[in-house]
Amino acid sequence: MASDQAMLVYLGEEIGLPAHERVLKLLRLLQKEPPEWLRNLQPAYCSLMVTFDACRVEHAEVEATLRKFETRAITERPGIARRVEIPVCYGGELGPDLDDVAKAHGMNASDVIRIHASCTYQGYFLGFAPGFAYLGDLPEEIAMPRLETPRKKVPAGSVGIAGRQTAVYPFGTPGGWRLIGRTPVAIFRSDRKPMELVSMGDQVRFRAISREEFREMEPG
Amino acid sequence: MSLLEVESPGLLTTVQDLGRMGFGALGVSPSGAADPVALRLGNLLVGNEPGAAALELTLMGGSFVFPEGAVIALAGADFGATLNGQRVELWSPHAVPPGAKLILGPTRNFARCYLAIAGGIRVAPFLGSASTHLLSGLGGYEGRALRKGDVLELGTPEKKIRQRKISQTVLLSLKPRKVLRVTEGPQSDRFSEDTRQSFFRTTFRVSEESDRMGLRLEGPVLAAKSAGGMITEGVPLGAVQVTPSGQPIILFVEQQTTGGYPKIANVIGVDLHSLGQLRPRVEIRFEQTSLAVARSLWREQERLLNSPEQLFA
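In the order they appear, the protein sequences are chains A and B.
The numbers in the working numbering rise by one with no breaks, and the one at position 83 of the first sequence is 83.
The numbers in the working numbering rise by one with no breaks, and the one at position 97 of the second sequence is 317.
Please keep in mind that the hints were generated in silico from the structure rather than gathered at the bench.
Given the structure is predicted, the values throughout are model-derived calculations rather than measurements.
Heads up, the beta-carbon is just placed ideally off N, CA and C, and yes, glycines get one too.
Treat the hints with care, since some could be wrong.
Residues of chain B clear of chain A, computed beta-carbon distances all greater than 10 Å [said to hold, decoys possible]:
(1) E225
(2) L232
(3) M241
(4) G267
(5) T302
(6) S356
(7) L372
(8) T422
(9) K445
(10) V487
(11) E503
(12) R519
(13) S527
The calculated label-pair distances, taken between Cβ atoms and stated as ranges, are [to be verified]:
(14) B:S412 / A:P78: 22 to 28 Å
(15) B:G325 / A:L17: 28 to 34 Å
(16) A:D100 / B:E362: 51 to 57 Å
(17) A:E218 / B:G305: 47 to 53 Å
(18) B:E429 / A:L17: 44 to 50 Å
(19) A:P150 / B:G305: 44 to 50 Å
(20) B:R364 / A:S110: 37 to 43 Å
(21) B:K445 / A:S190: 49 to 55 Å
(22) B:G325 / A:P78: 52 to 58 Å
(23) B:M450 / A:E58: 23 to 29 Å
(24) A:P155 / B:I451: 25 to 31 Å
(25) A:P155 / B:M450: 26 to 32 Å
(26) B:A533 / A:P174: 42 to 48 Å
Partial pick of chain B residues on the chain A-facing surface, computed with a CB cut under 10 Å [said to hold, decoys possible]:
(27) V285
(28) T403
(29) E453
(30) G458
(31) K483
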């Protein structure tokens, strides 16, 4: 039970593709055939939170229905994954924690950049803030824990890492991830279709760009 | 078209309705009025749909001019409002003559006052809602709090407005609480019996750093048994999450949609609107209840809010 109006369905115990696919399939099926009482769906790495209309149903009924959906979701196709490339200007004032990350791993900043930009990441889910995609898995070689004291405001477009995850902050929000660069591309725009740059299930790569390219691509 | 001119915006005034539900998969939290009960009642008083867009004022009012006149109702906290110098009572509709000025002062009791206007406020909807999401700058009026000089368009009232008040009995039963009822959180078992007991025994203070994203609480440190190791998951509205420093935060309307801190408890549905009326420095307590009780209270409250014959005096 998550609350008196929400349930958490756990579909795995560790972050990885098997749990991700189960979450994505159940999400897609519920989005396609939403029960009357369904109010909101919040996917994550290994879970799906289901918010319901507490005037219409109670937990037991929601649980029973979700079990049936779960069984049916196994044969569901997860949909076509898009490939998304995100240009990033690494380091300097746009990535103030890059040098610390390099130092902690006894490597040069350029190694961290090379490793970060050489992987294809899974778009596990969108959470935290509009359009914020949790991407993984970040190679262990450059993994770092969160900052002890989160920043009060992280500039929009900042590329952060935390544990085996990486992400781009869509808006100027508080944040505790270590910032290694910034993208000039808008992550979430209400006047774009789709609004989010990265959708759940997408395959994401980062491409290093120069300061000049960053400036040219920056809107306004 | 009728207008509303912002002469002075107050401390934090935003356009809010009942929020946008159903976009969690995009990372978008519902937002919406911090006290949805007050918003609904205010709208009903001026003949609107309960979820019409209205202004949410925080702690300190402002002044607003209605060049073409309007019918308004104030709901929620008492900001000592006056209309052309005459006191405006809460919880009943008032005709505003053309050019009249509504002035609201500092709060005299709770945190938020709603200004509902017949016909509602017209702004471009974002994901089906007029609600302002301050953090991301989306929705509402240009995605931000109102400023001096802003001019808002008003909708056309659909009905003839009846002169009636919300009954005192109803107001008493919906009065914001400082003892918040909670059900168990999904990670309650990560806290020792002692910690859980102290959670329910202690009085917490609402921190000055609280906002529409979350209410930070000051009190004893609530240490989780095992630090870290939790996988980020969806977090419901009203979740009481405990940060590594042992500080509880109640996630509120503009909440982050997912989080990785353990949740010791969750405020029940009927007490969520009370969260919207908690001022900084106010002292609160938590009281354990069951899902069954939470459900029956919620159904009772929804029945009441949907029964005009019971709501009005």
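Could you work out which earlier hints the structure fails to respect and list their numbers in ascending sequence? Violated: hints 3, 6, 10, 12, 14, 15, 16, 18, 21, 27.
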